Amino acid sequence: METSKIIMDAAGIERSLTRISCEIIEENKGVQDLVIIGIQKGGVFLAQRIAGKISDSEHAKVPFGVLDITLYRDDIMTTRIKPKMGRTDISFSLDDKKVILVDDVLFTGRTIRAAMDALMDFGRPKLIRLAVLIDRGHRELPIRADFVGTNLPSSLWEDIAVHLTESSGIDEVVIEKS
Amino acid sequence: MKLSKKDILGMKELSRDEVTLILDTAESFLEVSMRKIKKVPTLRGKTVINFFVEASTRTRTSFEIAGKRLSADTVNISASTSSLVKGETLTDTAKTLEAMNPDIIVIRHGAAGAPHMLARMIKQSVINAGDGAHEHPTQALLDMLTIRQEKGVIGGLTIAIIGDIAHSRVARSNIIGLTMMGARVTVCGPAMMIPRDIEKLGVHVSHHMEEAVSDADIIMMLRIQLERQNESFFPSDREYSRYYCLDRATIERAKPDVLVMHPGPINRGIEISPEIADGTQSLILKQVTNGVAVRMALLYLLAGGEE
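Residue numbers (the working numbering), protein chains in the order written: chain E, 1 to 178; chain H, 1001 to 1307.
Since the hints were derived computationally from the structure, they do not count as laboratory data. Note that the coordinates shown come from a computational prediction; the quantities given were computed from them, not determined experimentally. Hints are not guaranteed to be accurate.
[As the list claims (entries may be wrong)] Computed list of lysine to any residue pairs in SDA-like fashion (alpha-carbon distance at most 20 Å, straight line): (1) H:1039 / E:26; (2) E:84 / H:1019; (3) H:1038 / E:48; (4) E:5 / H:1027; (5) H:1036 / E:87; (6) E:84 / H:1036.
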């Protein structure tokens, strides 16, 4: 039997992203050298929204890029079915930039490890910070998020799905027991 | 979706879905070659042997670069430096290579079917990089990627393949692939160079270049393969080029947005005039760039994934 429960609605997502954007500006003291990178696929639209919010409130354009981590996954040669590759689009150098990496759900930390390795191939950032909408725990690597929407302790047999209007037509975070 | 193949032997062995998967994957790999650091760690610890029994610059280099950009270890063997010159049979060479435990063997051979024989003999993946006048699937795939990029689609387009169809593995692989993807293919060349019954592959035959190019979206010129001609199929280069060279006058008979391809190496002034080869409608260098991405995609899709 499958049950699902909405744990965050559109207003909740909006408030979280607004707060995360403010925290990023506050910590960075403005937008100097700041770049926002969204991880395919879940992080892309969130990163775009955060970049938009920061640009609006600081009246300055923040560079925004998209990163696909498929080629850096640690299980790529052991899984039978190769995941479909997404587009990577980082059309600027990351040398000496302050990179805000954005993903929807932080889980084992393996995606973030892969993303950090990938970023290093685009230059030597001054620093990398991690922003996620949901931190569901169960880390397998020593990785933590710097900006978190909601901490959501979850069971391993639960699925957390972030739906966004850009891709699913609705803003909500759903927890599914399968 | 996964590529449920051990080997890539020819376009004939691939399905429509598999071709789409390969082209989509290649599209993603194009970006890697545009980076400052053109290397990803994906095939770390994998070994790719490029076993080229027949001469090649672009295909061998393309496979080597593809392997290296994926962090695979690539080893090149060419006929002149291999034990084949000492009289070793292909079977023995294959068994020897297999015993060194590579992951993928890329083979080019003058004999049609050599890659297929190799694939049956060894447990590793085999990629056909051209076998005689039979197939050259990676060339067809890179051509199809180039067409899809430029025109958005493959299905519904009209593609004229012009030159020595009979001796061309590029033509055969492209005919199979393009017709499978729904394109209309016209082949054109001197009668001696059009195989009898080629219509059975679903193509239209023309002997007049102006007719063949008139409704084409893409003109694919073939190289006159002087090395593959044991007997003379035309009296002279000059006569051939008078009838079948793609020059300004011929291209003016085609649609204004027609694009020109050639698998290379080109014989300037024989099958294509320098003005067209270097012109704005030419996709020749784009084909080379796409070749690396297509080969990266194939190495990636074939490597690993054992249960």
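Hints versus structure:
no., hint, in the structure
1, H:1039 / E:26, "violated, 36 Å"
2, E:84 / H:1019, "holds, 14 Å"
3, H:1038 / E:48, "violated, 26 Å"
4, E:5 / H:1027, "violated, 38 Å"
5, H:1036 / E:87, "holds, 17 Å"
6, E:84 / H:1036, "violated, 24 Å"
Violation of the numbered hints given earlier is confined to hints 1, 3, 4, 6; the remaining hints are satisfied by the structure.
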